[in-house]
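Residue numbers (my numbering), protein chains in the order written: chain B, 15 to 332; chain D, 303 to 585.
Bear in mind the hints are in silico, worked out from the structure with no lab data behind them.
Don't be surprised by glycine CBs; every beta carbon is placed ideally from N, CA and C.
Do not rely on the hints blindly, as some may be mistaken.
To give a feel for the contact side, a few chain D residues facing chain B, derived at Cβ under 8 Å [stated by the list, open to error]:
id : residue
1  : L387
2  : V441
3  : L478
4  : S485
5  : L517
6  : V520
7  : G530
8  : V536
9  : L545
10 : G548
11 : Q550
Subject to a maximum C-alpha distance of 16 Å in a straight line, what follows is the list of computed EDC-like cross-link-like pairs (lysine to aspartate or glutamate) [what the hints assert, rightly or not]:
id : chain 1 : residue 1 : chain 2 : residue 2
12 : D       : K352      : D       : D566
13 : B       : K325      : D       : E451
14 : D       : K409      : B       : E331
15 : B       : K279      : B       : E255
16 : D       : K490      : B       : E313
17 : B       : K52       : B       : E35
18 : B       : K202      : B       : E158
19 : D       : K409      : D       : E376
20 : B       : K253      : D       : D566
21 : D       : K490      : B       : E318
22 : B       : K202      : D       : E376
23 : D       : K490      : B       : E317
24 : D       : K490      : B       : D290
25 : B       : K56       : B       : D87
26 : D       : K390      : B       : E255
27 : D       : K390      : B       : E259
28 : B       : K308      : B       : E119
What follows is each chain in one-letter form.
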Amino acid sequence: MAAQYLEFEKPLVELEQKIHELMEFSTDTMDLKTEVAKLEKKAEQMREDIFANLTRWQTAQVARHINRPFTLDYVSRIFTDFVELHGDRQFGDDHAIVGGLAQFEGEPVMIIGHQKGRDTKEKVYRNFGMPNPEGYRKALRLMEMAERFQIPIITFVDTPGAFPGIGAEERGQAEAIARNLREMARFKTPIIVVVTGEGGSGGALAIAVGDRVLMLEYSVYAVISPEGCAAILWSDGTKGEQAAEALKLTAKDIKDLDVIDEIVKEPVGGAHRDHDAMAKTLREALSRNLKELKTLAPEQLVEERYQKFRKMSRFVEM
Amino acid sequence: MAWFKREKAPMAQAEGKRVKVPEGLWTKCVGCKETLITKELEKNLNVCPKCNHHYRISARQRLDLLLDQGSFVEFDAGMVSVDFLAFKDSKSYQERINAAVAKGGSKDAVICGEGKIEGTPVQMAVFDFSFMGGSMGSVVGEKITRVIERALEKLTPVIIVSASGGARMQESILSLMQMAKTSAALAKLREAGLPFVSILTDPTTGGVTASFAMLGDVNMAEPKALIGFAGPRVIEQTIRQKLPEGFQRAEYLLEHGMVDLIVDRKDMKGTLSRILKMLHRPA
Ligand SMILES: [Zn+2]
Chain B
15 MAAQYLEFEK PLVELEQKIH ELMEFSTDTM DLKTEVAKLE KKAEQMREDI FANLTRWQTA
75 QVARHINRPF TLDYVSRIFT DFVELHGDRQ FGDDHAIVGG LAQFEGEPVM IIGHQKGRDT
135 KEKVYRNFGM PNPEGYRKAL RLMEMAERFQ IPIITFVDTP GAFPGIGAEE RGQAEAIARN
195 LREMARFKTP IIVVVTGEGG SGGALAIAVG DRVLMLEYSV YAVISPEGCA AILWSDGTKG
255 EQAAEALKLT AKDIKDLDVI DEIVKEPVGG AHRDHDAMAK TLREALSRNL KELKTLAPEQ
315 LVEERYQKFR KMSRFVEM
Chain D
303 MAWFKREKAP MAQAEGKRVK VPEGLWTKCV GCKETLITKE LEKNLNVCPK CNHHYRISAR
363 QRLDLLLDQG SFVEFDAGMV SVDFLAFKDS KSYQERINAA VAKGGSKDAV ICGEGKIEGT
423 PVQMAVFDFS FMGGSMGSVV GEKITRVIER ALEKLTPVII VSASGGARMQ ESILSLMQMA
483 KTSAALAKLR EAGLPFVSIL TDPTTGGVTA SFAMLGDVNM AEPKALIGFA GPRVIEQTIR
543 QKLPEGFQRA EYLLEHGMVD LIVDRKDMKG TLSRILKMLH RPA
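Kindly produce the complete structure, drawing on both the sequences and the hints.
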């Protein structure tokens with residue numbers, strides 16, 4: 015993986031590099047071994063300290079970290095026999111959303127998720143994880159299929175937002191999102207949603223109506239990106255830090271408002287430091303939630319899903 | 303409408319005692335730049351008699367326009383937004399709520415209730431764009447969901463007249479969830495076989511378009527209304543390209559298959575009534 019890091023991670027990354035160099039240099043001498051052990055201990059403490067006190071803006075940066083696991087990173091680690099299914103059967107195949115069938119603990123599931131790219135070429139290919147209407151329509155087609163064959167749906171949410179483009183508007187971006195919201199409310203099969211990185215507004219929600227909604231510890235979820243919010247409220251897109259604070263977009267913030275069911279712990283130092291450990295924790299959470307949902311009759315599942323979103327609001331009545 | 307152009311200038315046609323109309327009682331049309339008598343513009347449902355430009359109207363005016371006289375009963379008028387996130391930019395959300403309420407129109411961005419359209423009972427929601435840009439937070443989402451649930455109870459059609467900049471930023475994630483909540487209620491309405499007519503007026507964008515407003519059995523728009531998901535400015539900044547002529551206007555959406563029909567304001571009630579009488583035939 016490319017050596018990319020966030021500003022506040024810099025001292026940690028430097029220390030990690032130093033340890034790495036020392037270990038390459040030699041592990042024969044006793045002195046070096048003690049030195050490495052000492053530094054490792056220090057690094058561990060540093061990881062804990064930095065990540066225990068992230069600001070909301072820093073959390074948003076971790077959520078967008080280039081080395082953060084993306085949907086296909088989870089698919090290869092959590093599921094087997096993945097068969098990717100392409101296209102909306104109407105216009106095209108959107109590479110910003112992937113989907114397909116896979117086995118999870120001996121049973122088929124339908125996987126749908128936003129997909130970002132890591133290098134420049136793949137970023138462009140994935141349109142930076144910003145779907146067009148055909149992406150949402152592919153997702154809908156696959157979810158309808160899942161319902162028909164009584165297969166649970168697991169979605170991975172990680173997008174800056176739905177793509178704002180001419181073609182997207184022409185082909186009905188709003189309609190595509192709206193339809194998914196309506197249809198996901200009534201599928202008679204379990205739906206588990208995991209916000210893994212960026213939960214960017216309607217573009218995220220369009221695959222995020224579920225019986226259980228989980229958020230990874232350093233993922234974010236909001237009605238608008240901090241930059242977008244800043245551009246509107248302060249006419250200054252660089253005031254993202256202030257906007258992130260105002261939007262209360264961290265997993266803890268969202269859990270406090272009862273919009274999600276569970277926060278999934280990340281490895282110390284963030285999911286981008288250890289994809290395998292993150293996948294392992296997430297697999298356990300998925301497994302547990304799926305088992306619970308399977309005990310519910312389809313009608314009960316749908317009614318509880320309705321009531322779950324029905325309750326989401328804060329207001330006073332005079 | 304060509305014959306309108308041959309009409310005499312408003313000044314000349316004004317009668318004796320009204321000749322000396324003071325300034326301010328004139329309106330320069332933003333559509334055709336013609337000078338119009340404000341009173342006449344209002345009498346013409348705030349539609350320019352020369353160029354058919356549809357001016358924005360208030361929620362109350364819309365209710366008067368569409369519902370049978372005296373049939374409207376308002377519900378949930380006392381529902382008020384709260385600043386539960388202590389959201390602050392140049393002003394706090396609470397200050398913005400207070401200022402909007404003080405304008406005296408309504409307590410939030412949508413007015414809801416029941417009424418009759420040429421005798422057909424309907425549940426209705428009408429956006430008030432002047433209240434924080436018609437933005438949708440908890441109150442708007444809750445009131446619209448109740449409109450739909452009331453329709454399910456009373457077995458009536460639902461009419462929603464949208465005019466909104468989208469989800470309300472100041473309620474962050476809960477505003478976003480109103481999109482899911484309202485759309486889920488519409489799923490129930492659909493299963494119950496009750497009609498939903500969505501009327502899109504200038505402007506309808508963002509989270510409102512990307513939820514209930516696009517989900518009508520019939521989507522009806524006013525001429526030239528701006529309707530879209532992303533705002534034109536955001537799109538221009540993203541793609542660094544000039545937007546095509548008429549982009550995101552009602553006519554453009556009709557051309558691309560996103561709305562069923564465009565209806566002049568004066569014909570709105572009649573068209574609505576005809577559709578409802580065919581879709582909704584109570585046993
Ligand atoms: Zn005019």
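Each hint tested on the structure:
no.: 1; hint: L387; verdict: 5 Å, holds
no.: 2; hint: V441; verdict: 5 Å, holds
no.: 3; hint: L478; verdict: 4 Å, holds
no.: 4; hint: S485; verdict: 4 Å, holds
no.: 5; hint: L517; verdict: 5 Å, holds
no.: 6; hint: V520; verdict: 14 Å, violated
no.: 7; hint: G530; verdict: 5 Å, holds
no.: 8; hint: V536; verdict: 5 Å, holds
no.: 9; hint: L545; verdict: 7 Å, holds
no.: 10; hint: G548; verdict: 12 Å, violated
no.: 11; hint: Q550; verdict: 6 Å, holds
no.: 12; hint: K352/D / D566/D; verdict: 14 Å, holds
no.: 13; hint: K325/B / E451/D; verdict: 14 Å, holds
no.: 14; hint: K409/D / E331/B; verdict: 11 Å, holds
no.: 15; hint: K279/B / E255/B; verdict: 24 Å, violated
no.: 16; hint: K490/D / E313/B; verdict: 13 Å, holds
no.: 17; hint: K52/B / E35/B; verdict: 14 Å, holds
no.: 18; hint: K202/B / E158/B; verdict: 10 Å, holds
no.: 19; hint: K409/D / E376/D; verdict: 13 Å, holds
no.: 20; hint: K253/B / D566/D; verdict: 43 Å, violated
no.: 21; hint: K490/D / E318/B; verdict: 13 Å, holds
no.: 22; hint: K202/B / E376/D; verdict: 36 Å, violated
no.: 23; hint: K490/D / E317/B; verdict: 10 Å, holds
no.: 24; hint: K490/D / D290/B; verdict: 41 Å, violated
no.: 25; hint: K56/B / D87/B; verdict: 29 Å, violated
no.: 26; hint: K390/D / E255/B; verdict: 13 Å, holds
no.: 27; hint: K390/D / E259/B; verdict: 10 Å, holds
no.: 28; hint: K308/B / E119/B; verdict: 14 Å, holds
Going down the numbered hints, you'll see the structure goes against 6, 10, 15, 20, 22, 24 and 25, while the others check out.
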